[in-house]
Structures are given as C-alpha cells and as structure tokens.
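Novice: The chain contents come next:
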Amino acid sequence: MPDPGEIELNRRALMVAAGACAALPAMGANARSQPAPVGTPVLADVSFSVNGQQHALAIDTRTTLLDALREHLHLTGTKKGCDHGQCGACTVIVDGQRINSCLTLAIMHQSASVTTIEGLGTADNLHPMQAAFVKHDGFQCGYCTPGQICSGVAMLDEIKAGIPSHVTADLTTAAAVSEAEIRERMSGNICRCGAYSNIVEAMTEVAGRQG
Amino acid sequence: MRAFTYERATSPAAAAKAAAGTRGAKFIAGGTNLLDLMKLQIETPSHVIDVNGLKLDTIEAAPEGGLRIGALVRNTALAADERVRRDYGVLSRALLAGASGQLRNRATTAGNLLQRTRCPYFYDTAQPCNKREPGSGCSALGGFSRQLGIIGTSDACIATHPSDMAVAMRALDATIETVKPDASTRTMPIAELHRAPGSTPHLETTLAPGELITAVTLPRPAGGTQIYRKVRDRASYAFALVSVAAIIQRDGSGQVALGGIAPKPWRVEAAEAELPRGGKAAAAALLNGARPTRENAFKLMLAERTLGAVLSEARA
Amino acid sequence: MKFDTPATQNPIDRQTVVGQPRDRVDGPLKVSGTARYAYEQHDVVPNQAYGYVLGAAIAKGRVSSIDLKSAKAAAGVLAVVTAKEAGKLGKGKRNTAKLLGGPEIDHYHQAIALVVAETFEQARAAASLIRVDYATGRGSFDLEAAKDRATKPPDEDSSPTDTSVGDFSGAFAKAPVTLDQTYTTPDQSHAMMEPHASLAAWEGEKLTVWTSNQMVDWGVTDLAQTLGIPKSNVRLVSPFIGGGFGGKLFLRADVLLAALGARAAKRPVKVALQRPLMINNTTHRPATIQRIRVGATKDGKITAIGHESWSGDLPDGGPEVAVQQTRLLYAGANRMTAMRLAVLDLPEGNAMRAPGEAPGLMALEIAMDEMAEKLGIDPIAFRALNDTQVDPEKPKRPFSMRRLDECFKVGADRFGWSRRSARPAQSRDGRWLVGIGAAAAFRNNLVMKSAAWVRLDANGIVTVETDMTDIGTGSYTIIAQTAAEMLGVGLDKVVVRLGDSTFPVSAGSGGQWGGNSSTAGVYAACIKLREAVAQKLGINSTEAEFADGEVRAGNRNMPLAQAAASGPLVGEDILEYGNLDKTHQQSTFGAHFVEVGVDVATAETRIRRMLAVCSAGRILNPKTARSQVIGAMTMGAGAALMEELAVDSRRGFFVNHDLASYEVPVHADIPHQEVIFLDETDPMSSPMKAKGVGELGICGVGSAVANAIYNATGIRVRDYPITLDKLLERMPDAA
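Chains as they are written, first to last, in numbering that gives the first Met the number 0: chain E, 0 to 210; chain W, 0 to 315; chain Z, 0 to 734.
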C-alpha cells in the first residue's frame, strides 16, 4: 500500500477520478468538470442479494454494508454497536462466512449473497438458533443478539468445516464442539448484559441437535 | 470519511500502476483496518483500489519446498490450511490468537502485515501524534503507554505493530513478494518490510509508492516444536501485551520472535544462541537496549517469563 | 394505592404465572431483529436526516473560534448547530455538565457542534471540516493529586456525607487486632452495546423524540427544561433500550442535539453518539480511593469499623457513595464513614450499575478477608460472627429481612468451600495456580412510586401501559406476568406497552428498583380493574376470584371478557409508599463464590467457576432474574480483572475511549455461572413482596475475585483492576 506520508492529499482534488472505471456509472460528467462541493458523494452501482432477495443500489462509495442494510434497505436487525469492528453486533453472513458488516463497503459485495438475522427466521417462525436463544434466555437488552445469532450459526459451520481455533488442542485433527470452543470462537461478539453463560448453553443445544 | 472514487483492480501490476498514478490512492483488501481508520479521518484516501478480485488467494507449494501464500488469502483460510497446520503450526496459532472469527474471515495476509498501530493516541485525531501528523509530537511518551513499545522505539514514537501473524512469519523467516508500478517484481525478507520509527514514524514500511504485496513465501518447514504464546488481559479478542513465536529444536536451538513490544515483529538472530540457556538469558539478549516507560516496564519481566514458559513447554 | 402496611395474602401469592421461569414475551422480537431501537424508527416520520456530533478536543478551556464555513458548504449539509446557533439553553437538573458546550468547555469530547446532512456519510465528512481553535485552560484531572483538596459534599436526604456512632478512634486504638488499608477502584464505563441514539421530529411547537432512555419522565422533564419549552410539548418514546446500566438514566447529548438539529434543518433528525466519542462525552463510574479501618477483639468481634472514600467530579457534581454498605453490612459498636469530593475536570461522573455499593464492596470485602486472615478465622465465619439483624447505626431499626448467613452457608456447601486451603498458594493445576474466594453481596432495596393503566377489551385482551422501560431486565415479561396473575388470564392474553411518555409515569429503570416498583404499580392498576370488572358483573370484588379467564364469585362463573362486552374497562392507579422503608431497613443480600486460575508464568488470571446465592424477596421470574444476576457477575468480573478508563492526567481525558482499548469481558472470559435464589417473600417491600436483584449481582464480585487471586497466589492486590502487571513481580518462580 502506498504510504500516506508520501502522497500529498489534496482536499480539492478528491473528485479527480483518474482511476475511475466502469464501476462508477452514476458519476456524471458534471462532477469531473466543475469543482463540486467538498464531500460530494461518489455514487456507484452495486447489486447483491439479501436473504434471497436481489437488490440493486446506486450508493455512496463510503457506505458500509452495515449502513446499506440498515439505512437503505431498512433491515435494522443488524446492529451498529461500535462501527469499528470491536463488538460484533453487526455480524452478518456473506457467502457463507460471518463478517463484521461495519468494516466492509457495500460496493465491495457485487453479486454477493448476504444473510442477516431477518433471513434466518421470523418472530413467528424462528430459526433453531433463535428459538434456543429464547429458551435459554441468551440475551437481555437484545442489541448484540442478532450478531450473536448470525455469528453462532456460521461459527458452528466453521467447526463442521474443520477450521481450528485458538483453544483447539491439536491442530492436526478437527475440533469437536465444546463449551471452550464456542466461547473462544464467539469472543468477537460482545454482550455487555453478560448473557454469555446462557448463550453458550443455547449454542451447545443447537450444535447437539445438528449432530 | 472523505468521499473517494473507487475502482476494482484487474491485475496486480495495473493496481500498482493505478495506485502510484493517482493522488491519495489506497488499496483495499479486507478493509478491516483501513475502513476503521477512514471513519476516524486518520486515513483519508480520495481513491480506493479494490484488489479483492486479483486472484491472489491461493496457497501453493513453493519451488524450494516451502509454501507460497497469496496476499489475499484470508486469515481464517491460512490458519486452517492443512499444510500450515502441519508444518507451520506457529503461524496457524498466531493467526488464531488474533482478532475474532469475523475479522479473520475478511482480513488478508498482506493487509495483516500492513496494519497500523493500535496506539490510542494515534487513534485520537485531537491528540498530537508523529505517526499520524509528522512533527506534532508523541502524546504517548509520558501518557498512557501500558500497551506500547519497549524496544526499537524512538523519541518520536513508541507505537507497537499489532500483528500476531507477522510475529510468527518473522520467526519463520518468511519473504515478501511485491509488484511495483512499473510491473517489476521483487522479494525481500520480512525483516526488511517494517522500518524503525526513528524520526519518521509515519514511514512504516520500505514499500515504494504504489508497490503491492502479492505473496508471502515460507521457507521449507523448520520442524521443531512450534509455539505461539499470546499474553493479554482478557482471554480473547485483545491485542498482545507480549507474545512469543517460537520454533524450538530438540537440541534447544531455535528461532524466536516477540510481539506486542516493538514497532515491528521483534527478532534478534544473534540472541538465539542463548536459547539453550533458557528464558532469562535469551530474553536478556533479545531485549538488550530496551527503553520502556514507567507504565510498560512490566513487559520486560513478562517477556522473560513468557519466553521461559514457552521454552519449558517446548522441552516438555 | 398507598403501601404503608406490610403486604398480606394477595392474588400474586398464587404464583401461577408470577414466580414462574417464563420465556421473555419480547424474546421473539429481539432474536428475529424486529425489535426496533431508537435509531431504527424508519417508519414513524418521513424525510429523516442524519446528525453527526463533533466533540471538544480539549478538556477545559474555551472555544476561541469555530469556522463552520466549509462544513456548511459541504455536499448534503442541511444545518450546523453550535451553542451560538442554538441560542439560550437551560440545563436539566440531573445533568452536571452542559450537553452542548461552547464557548466554555467543561470536559473532553463535550459536544460542541452537530452537523445535519442528507446522509450519514455526508454528515460525518462535513463534521471533519469544522475548524476549531481553543484557548486551553488549566484543569485538575488526577484524583490522587487532588485528594488533599477534596471537601465534604453537602448531605443528601437519603445519604448523609458522614456518619459516626460511638467512639471510633478510641475503639480502633484499643482494638487488639486491627487493619488499616487503602484500596483504589478506577473510572469505569457502562459500555452498553447500543450507543446513545435519538430521532427527533417537531410538529409546530410539539417535539417527539424516539430515544434510548431508562427514565422516560426524567428525560421529558430535563429535555423540556433544557429547551425552555413546556413539558406538555414533549413526547419521549423508548420502547427498546440496548443496555443502559445507568448510562442512559439521564438526558444526554444525542437527544438534545437531535432536537436542535431537527429544529434547524426543519426536518426530523437522528443522531447516534459515535462509539469513540461515547466514553468521554457521557457519564462514567468515578474512581475512588478508599481507606478502611477495622478493629476487632481476638475472637473476631468487630469493635470499630471506619470507611472513608474520596472521589472526584466536575464542579457541582456528587461523590461516589462508596461507603454506603459499610453503614449497614456488619455489626460494631463504634463506627464512622465519610466521603470527600475533589473537583476534577474529567467527564461527568455519575451512576453506573449499583453506584456506591459496587466500588464500595470491592474494597470492604477485601478488607474483611484480610481481617479474617489476621484473626486466623475462616472469612465466612468472620462475616457470620459480625452479622447484624438491625441497622447498626440505628439499632432500633430492624432489617425487613436479612439472610446473609444463609446465602453464605448454601453457597459454601454448593461451591465446595470446605476444600479451600486457608493458606494461600497451595493449589496447582498444570500451569495454573488455583484459588477460591468469596464475598458478601449487598445492595439496598429502593422503592419508587409507579403508575400504570390496564385495559380489558371485549376479546378478553388485557393491555398494560406504563412509561416503564425494559433495558434488558425483563420488564415486559414480569409486567405481563403480573397482569396475567392479577386478572387470571394466560400470558397470551396480555399486551404490554412500555416506554412512552403518554403513558402513566412509572418508576423507570434504575437502582434495581424497576422490577419491584413497576410491577407494584401494575398490581395497583389491576386491583382497580378488578373492581371495575366486579362492579360491571354485579359481584363483590373482594369475593371475586380471577382465574382461567373467568371471574368466579360464589357459584357464579363468568368469562372475564364479558365485563368488557359493552366497552373496554380501564383500571388506573399509582402505587405510592408510606414509611416502611424508613421503619425497616430494606436491603438485598447475597454471597459470591469465585474460583480463579492464575498462570504461574504470566500471571494472567482466568475465572474458572462462579456462583451467586441471592436473597432478594420474591423472584418474579427466575429465568430473567437469573440473567440479571449472571450479567452483573460478568460485569463484576470485568471490574475485577480488566476494566479501567485510563486517565491522561496531562490532557484530561480517558484515553482508551473505544471498545478495543476499554476491555470488557468476552465469551472466553466467562465460565458457566450458577445462581441460587433463596425462596422467600418480603412483605415490607411492596404488594409484590419482591426486591431488586439486577444490581445485587455485581456487588461483591470484584472482591470475591480478588480474594480468590490471593488464595491462589498469596498476593494481595488492593488496586483494581487486578491485571497481571500488579502480580508479576511477586509471582513465584515459574519453573
């Protein structure tokens, strides 16, 4: 990466799109020819599916996947706790993998398949992990909960796929589901209400049922 | 975050050329560090080059018997790779000790090497910081420095490099491959990637403008007992106070690098002669010349004891 | 309803719904992501704009100039609000520092501007274009340095600053066994997962805010006061709250700035405090320095006990009441407590989960262990020896209930206390030095008046409305259980609507008073509704039994819904308290047990087991109450081992102001946790015979951890958090 210290940043020049490419159809000629107000958004097109539904957005390049979900698609089940990858409340599943949606740009996910909490189940028809959270009271305020659940669903898949963790005793064999494995692997999802003990019970039950 | 234009790079050389030819350009891969800093106005690119499509995401056998890891291999994939788990356990362990499952799913090999310090003053744009704003001063000196560096630092900056992965790679003698804007490529030992802060802590690497890391190559497996021990306040999802990456052979010889204490993965090859004599002697040689602050002086003893524990474990 | 005599038999005692471990009624909404929090109200008003807050870059001084030109000219910007644009503002009586600073700056990251723009990205970018010049003033930021300048703060009704009984100094001087130690606790942050967030919309003179606030009526009152508008023009809605812990008790900058921004932009505006701003912008639990002196006879009877605490706050702020529990917890004829307050120019100190007792017990319960060791008495036996059934400062005033000894006995049994070695540093498991520790939990039970109305419709649906909040405590559920029990219907027939200032004013959520007080208010309203139903059905309400969806009197059985056949019936009441909390000391008690391992090489401490035994009146819902307690135990573990706001005493701010650098416990830090509730009811507390439990759970955890670390290592640390650097030098050789 170029070192920021070696490249002079020019606030007025930020619209000069030397590297603009076909990904920027929404950026009109006007923006190139005249000095635009500082911070004029650069719009770009992106399309991806969320919970099985296709969405095409012309979106500010700065918009995170999290804000695209919450503010553009009004899928507010995914939470903004810190916006800096420090809490896990924004966890969603993209192409099968759990990620922090706050630390990725919406435009980086062309053709991706995104699953959010709303895609796992509904209040009337809960996903087994959601139901287990209710049964074991794996939450209190509920704000970290969608992130915990999305993370937990993908986490159990990671164990199944043989991905090791920090607490896996032997790297050369696949880890089995255990409370210690769940705790370590879920540590990127902070619950300040402190429902951890119950969350681990909920996940252990779901893992057991999956066999 | 200032507005930026965005492009998807089509080849590594084209990406490097675009980065060198565009004012305020930055590569984005995992984005887990860059976007964090962009939101805080610490990184302010006006053009972002997305390199995720560059197909640098494979791990293959290197001709000399090692492994060649693409720059875009995600931390999770690298840690889970069977060859890495079998032959480079210290690397797998280091990766798994870092960040969280979600972050490891996005973070890339090259991005991890290039992540910036977690010094809290670097993160607060209201505070002077020579790394963020050259010449403004170092707030950490005389401030809250418990997490910060004890060796290899300077009067201008006591920040640490936060990576776990890089510490293991340093112990493993990895080499870095890059492509430059003129499409030429070069390799360098990982030891040469990060600069000492000196009076220019804003210059963190020896990469030229636009130069793009394309791969990291590990030499032939070193064997031995491989251990990565990370010491931190909370049990997970925290940066190291001290970490030790060690490859220890049956005869007690080995390679050791430390994390959490310096602006770069800390390894002193000459000190490794002391390894057979135990943690105390090896730590003394490794940490010779350390200049801790009052708040982080404990890291000297912690490093010594952690190294001692790692050596005991390797012997056992 | 006035509650001024102890409760007798009432419908709650049936415990067919109340007291049962029911799942949360709002659970399906929360787990499916359909519970809407403050920032997520897309459908309540159209055309919402985004606000972004700029915080002061200095701790104390003045804004000498502020240049808004670039920000105002930036793309998408609709308005920029500063103190100048806002004009004259009042200050809510519960706020110490102004919520919108400038030109005077009272603390770091005090809000000085709000940028309103069409999009979040535009508002954030424009905020970075505001250029501010400051004239930095001198401030005081170091509690230790300011300690000698601390003064005696004014007495408050509920909590005098100093107390004294007998002759403390004489008795302490004469005592054969004494302890005189100083303990410190750091500044801590609530760090709730949902940032403070608000959406504000004006309609003429009327303002509605959707926000995240524990105390709806306080919020309305202080917002009206700050804006200088009638309270009747303000509506505040707070249906779901993503954690508070005291951090959302008060009006905060997000609400005020959203309201000002909406006025300036002539559009609804929503504002969330960005996480890196929250810690210095909002309130925190203040640090304390505590000196504890205990004198005892050789056989372990305390003859003198003294507790002094120093803390700091902004001018006109208050002390951390860390001596509170020492006035009540142990016997001793000669006693004193005192609090001193230093002026500090750090951000505002205020309530965080169990203010007073949480940091106070972190000190006192180490002191009790240290004293027990000096006496050569088991720490639990030492506590039992000094138990008191009366307020030791006012011996004519009994506790309404006090079963602390039983908590310890049950816990000791369950946890295997008898296997603990009295000599420290005796147990090892691989690389871990293992120890166990215990501590008393104590938190006063506060009662607050609370109102509700309850409506019965022709379909037999019972709707409860009150401005009570659910901050994760389970209010929705226990209120539904209360109404279901009182009216003899299933939970599926009860609808609970909370957190709206158009509903009757409740106790709100704070000080662990919410559960008992708000359900007592609902109880009172249900009594009114029962009377209305009985009257409608032509029966005597005192003879009527409400069960299974029916009303029974003598040999008559009528469907409850029949009473509302010709129109809904409403019962509305407020439950107010007499002086039972004056004649009797009402407190909650518990015992914490913790097992730790301390890494023999690195001195990293990890908790292996945790148990709490609680005595807290009727447990309205054992499932949600248990969650309260394990959550509090988790926060207590954080306080013991990692949580500390690092003060930069040169620049006057908390340096680690995000969730990466202010570490709170993660999954891997917390083992399986066990909670036992003693089976009891306390008729002095309310018709519910319940007491608070959500704060009890944190009280004492820190010292149980500290005592366990001592038991594991023989190293006594009196300075929280107990991080490895404080143990390392005294650790045994690792090999």
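The hints are simulated quantities; they were obtained by calculation from the structure and are not laboratory data. Hints are supplied without guarantee of correctness; some may be wrong.
[Claimed, not checked] Computed list of lysine to aspartate or glutamate pairs in EDC-like fashion (alpha-carbon distance at most 16 Å, straight line):
1) Z:K300 to Z:E369
2) Z:K725 to W:D80
3) E:K134 to E:D123
4) Z:K265 to Z:D156
5) E:K159 to W:D80
6) W:K279 to Z:D3
7) Z:K393 to Z:D105
8) Z:K622 to E:E178
9) W:K279 to Z:D105
10) Z:K448 to Z:E728
11) E:K159 to E:E178
12) Z:K527 to Z:E542
13) Z:K297 to Z:E372
14) E:K134 to Z:D22
15) Z:K90 to Z:D315
16) Z:K581 to Z:D156
17) Z:K300 to Z:E372
18) Z:K90 to Z:D66
Novice: Straight-line Cα separation of W:K279 and Z:D105 no greater than 16 Å?
Specialist: Violated - the C-alpha atoms of Z:D105 and W:K279 are around 49 Å apart, more than 16 Å.
Novice: For the pair we were handed, Z:K393 and Z:D105, check the Cα-Cα distance against 16 Å.
Specialist: Given pair Z:K393, Z:D105 is violated - Cα atoms ~41 Å apart, limit 16 Å.
Novice: Given the hint that E:K134 pairs with E:D123, does the C-alpha gap stay at or below 16 Å?
Specialist: Cα-Cα ~15 Å, so holds.
Novice: Does the structure keep E:K159 and W:D80 at a Cα separation of 16 Å or less?
Specialist: OK: E:K159 and W:D80 at ~15 Å, within 16 Å.
Novice: Does Z:K448 pair with Z:E728 here, judged by a C-alpha cut-off of 16 Å?
Specialist: Distance ~53 Å between Z:K448 and Z:E728 Cα, so the pair is violated.
Novice: Going straight from one Cα to the other, do Z:K725 and W:D80 come out at no more than 16 Å?
Specialist: Violated. Z:K725 to W:D80 sits at ~39 Å, over the 16 Å cutoff.
Novice: Given the hinted pair Z:K90 and Z:D315, is their alpha-carbon gap at most 16 Å?
Specialist: holds, 13 Å
Novice: Given the hint that Z:K527 pairs with Z:E542, test it: the Cα-Cα distance must not exceed 16 Å.
Specialist: holds, 14 Å
Novice: Against the 16 Å threshold, does the CA-CA distance of W:K279 and Z:D3 hold or violate the hint?
Specialist: violated, 70 Å
Novice: Would you mind confirming whether the straight-line C-alpha gap from Z:K265 to Z:D156 stays at or under 16 Å?
Specialist: With Cα atoms ~44 Å apart, Z:K265 and Z:D156 exceed 16 Å; violated.
Novice: Quickly compare the C-alpha distance for E:K159 and E:E178 to 16 Å and report which way the hint goes.
Specialist: Holds, at roughly 15 Å.
Novice: Mind checking the alpha carbons of Z:K622 and E:E178 for me, to see if they're no more than 16 Å apart?
Specialist: violated, 21 Å
The structure fails hints 2, 4, 6, 7, 8, 9, 10, 18 (numbered hints given earlier, in ascending order).
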